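**Student:** Sequence:
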Amino acid sequence: MADATPLKVLFVCSRNQWRSPTGEAVFRNMAGVAVRSAGTARDAKRKLSLADIRWADLILVMEDKHASRIRAEFRQDVSHKELHVLDIPDDYAFMDDELVELFEQKAGPLIFAAE
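All you need for the working numbering is the position in the sequence shown, starting with 1, plus 881.
Just so you know, the hints here were simulated from the structure itself, not pulled from any lab data.
Source: prediction; values computed, not measured.
C-beta: ideal position from N, C-alpha, C; glycine also.
Do not rely on the hints blindly, as some may be mistaken.
Said to hold, decoys possible - DSSO-like mimics (lysine-lysine), calculated; alpha carbons at most 27 angstroms apart, straight line:
no., residue 1, residue 2
1, Lys962, Lys987
2, Lys926, Lys889
3, Lys987, Lys889
4, Lys962, Lys889
5, Lys962, Lys926
6, Lys889, Lys946
7, Lys928, Lys962
8, Lys928, Lys987
9, Lys928, Lys889
10, Lys946, Lys926
11, Lys946, Lys962
12, Lys946, Lys928
13, Lys926, Lys987
14, Lys987, Lys946
As the list claims (entries may be wrong) - What follows is a list of derived Cβ distance ranges for each label pair:
no., residue 1, residue 2, range
15, Tyr973, Thr886, 28 to 36 angstroms
16, Asp924, Val966, 20 to 28 angstroms
17, Val981, Ala953, 28 to 36 angstroms
18, Arg956, Asp978, 14 to 22 angstroms
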């Protein structure tokens, strides 16, 4: 199924500095999956946009506060989206081994289930 549409996964944290870019990097080369990352904070390296929400099939956020902010800001557009909280605290640097492992354990099954 080489011509199948990829599952579009959006990783969201606060500043798009450590966690969400790591999630994007971990799953970037997975067959059948397209990934993006963004942040909810005003000073995020890549600020979450309506285009990101509309693009995504699956939205994976790090904490409850990210889910709440997305639901408040993009209420209509996110209402029919699959959104999951991964419960990954802001305790890791980019591509930290433990963080990569957390993504594999928590995001991997959600991505495989959605494919």
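**Student:** Tell me the numbers of any earlier hints that the structure contravenes, in ascending order.
**Tutor:** 18
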